[in-house]
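Use these hints to put chain V onto chain S, whose structure you have.
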Amino acid sequence: MLVGDFPEVLRRAAAGDASAFARLWRDTHPPLLRYLWVSAGDAAEDVAADVWLEVARRIGSFRGGEHEFRGWLFTMARRKMIDRHRYEARRPVSPTGNGELLDRPAADDTVAAALEYISTETALALIATLPRDQAEIIVLRVVVGLDASAVAQIVGKSPGAVRVAAHRGLRTLRERVADATVTSPGRGGVTL
Amino acid sequence: MRVFAASLAEMWFSARKRNRLSPDEATAELLLAGRHLGRHEPASQRTLELILAAAAGPATERELAGETAAVTAFLAALPEPEPARHRGPRRLPVLAVGFVLVALVALCGTAEAGALPAPLQRLAHQTINAPAPSPAMGVPQPGADVTPGPGATGSQSAPGSSGPSQESRTGKPSASPKPTHTSDSQGNGNGQPSASATATDTAQPTATDNGKGNGGTPGQGGSPSGHPTGNNGNGNGQN
Chain S
1 MLVGDFPEVL
11 RRAAAGDASA
21 FARLWRDTHP
31 PLLRYLWVSA
41 GDAAEDVAAD
51 VWLEVARRIG
61 SFRGGEHEFR
71 GWLFTMARRK
81 MIDRHRYEAR
91 RPVSPTGNGE
101 LLDRPAADDT
111 VAAALEYIST
121 ETALALIATL
131 PRDQAEIIVL
141 RVVVGLDASA
151 VAQIVGKSPG
161 AVRVAAHRGL
171 RTLRERVADA
181 TVTSPGRGGV
191 TL
Chain V
1001 MRVFAASLAE
1011 MWFSARKRNR
1021 LSPDEATAEL
1031 LLAGRHLGRH
1041 EPASQRTLEL
1051 ILAAAAGPAT
1061 ERELAGETAA
1071 VTAFLAALPE
1081 PEPARHRGPR
1091 RLPVLAVGFV
1101 LVALVALCGT
1111 AEAGALPAPL
1121 QRLAHQTINA
1131 PAPSPAMGVP
1141 QPGADVTPGP
1151 GATGSQSAPG
1161 SSGPSQESRT
1171 GKPSASPKPT
1181 HTSDSQGNGN
1191 GQPSASATAT
1201 DTAQPTATDN
1211 GKGNGGTPGQ
1221 GGSPSGHPTG
1231 NNGNGNGQN
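Protein chains in written order, with the working numbering: chain S, 1 to 192; chain V, 1001 to 1239.
Chain S on its own, in the form it takes in the complex (with noise of 0.2 Å):
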């Protein structure tokens, strides 16, 4: 987060400085990605592209402060991800297998790699094992740090039901990970 410095970065990236733009982009580009790659899949950098074109042309139009920014564009994201949805479904294509992500590995699998190993695409990949309201919801809480009216506003929910919907998938990535635990000790188990 850039926390003071946004006022002054997003002024200058406004006003077409590179520099600026650069830095808002190192600041939320990650999060994004990891945004759009449990929610979108293998088109997670395609979508990321088209994201920051649009926020090139609007920048200048924004008002606002650091977290209205991140909720303006993981709102942006959300709506070209379901546009790309919505245009997959209407024209199936076979996988291609560029992505890491394409193809899942099961929950089990997931979670037992996770545990001997946790690193950033697999706790993303454990995380998009659930189901994809939740798994969206836990990113934008945990990973790009909103609170739960922000989520609430991007997802189109009510604040409650973002919370109860939070709250399920944390349980069931509990109850994978004590089940990891049990049913594969030859694997290291948890070592905290």
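If you're looking for bench data, these hints aren't it; they were derived computationally from the structure.
A virtual CB, placed ideally from N, CA and C, is assigned to each residue, including glycine.
It is possible that part of the hints are untrue.
Here are some chain V residues pointing at chain S (derived, C-beta under 10 Å) [unchecked claim]: (1) Gly1038; (2) Ala1056; (3) Pro1058; (4) Leu1092; (5) Pro1093; (6) Val1097.
Stretch-level coverage of chain S by chain V, calculated; a stretch enters the list once three of its residues show a Cβ under 8 Å from a Cβ in chain V [to be verified]: (7) 76 to 90; (8) 127 to 134; (9) 142 to 150.
Below, chain V without anything else, positioned relative to chain S:
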């Protein structure tokens, strides 16, 4: 009343129950907010904390690999410099010229109508051939507005005699201007020109007359002055 109070208490308890988080929910909120759990939490909860922390970990090289491409795309996608930025300075001269033109047209129209103040009307008369200012518009001379008597009516415009301005528009002087001394001397008062005045009608201004009272050719009609001035030329001897 008792039933009502009981239902209120029930609503209060149920609302409190709804707002209170279960231990699992409280832990979940801590995890979602990125807080650390204590060591007393079960291992599965702490593993979950580890997974969420990894998901929110620092950016990887792979994630930041596209920075150059992103900045290039940003520069290419920037909207063109706003034309509105140039619109102001460009619009200003156009507006100024338009305003000046409108003001000029209005000024000329007023001058042609002879409605300008006397000094300005005189200037317009000299520059754009607008009608000369009538004496009534000028500064009143001492004794100029005394009660007209016979022979003093020449300084006032009678109905139907519009003076030099009308002449200048029509291009030919009206027949009413008469030599002043004739009407003044006769003073018949019936509005009809006297015989001598009729004779002076032949002393029409020439074609070169511009209605400014210089068109009469002296001597042609026996007019003593030969200057049918509009100011005093009505000759009708009103009174």
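Tested hints:
1. Gly1038: Check failed: Cβ of Gly1038 (chain V) comes no nearer than 13 Å to chain S, outside 10 Å.
2. Ala1056: Holds. Min distance 5 Å.
3. Pro1058: Given a least distance of 8 Å, the restraint on Pro1058 (chain V) holds.
4. Leu1092: 25 Å, violated
5. Pro1093: 28 Å, violated
6. Val1097: 33 Å, violated
7. 76 to 90: With 0 residues close enough to chain V, the hint is violated.
8. 127 to 134: violated (count 1)
9. 142 to 150: holds (count 3)
Checked against the numbered hints given earlier, this structure breaks hints 1, 4, 5, 6, 7 and 8; the rest are met.
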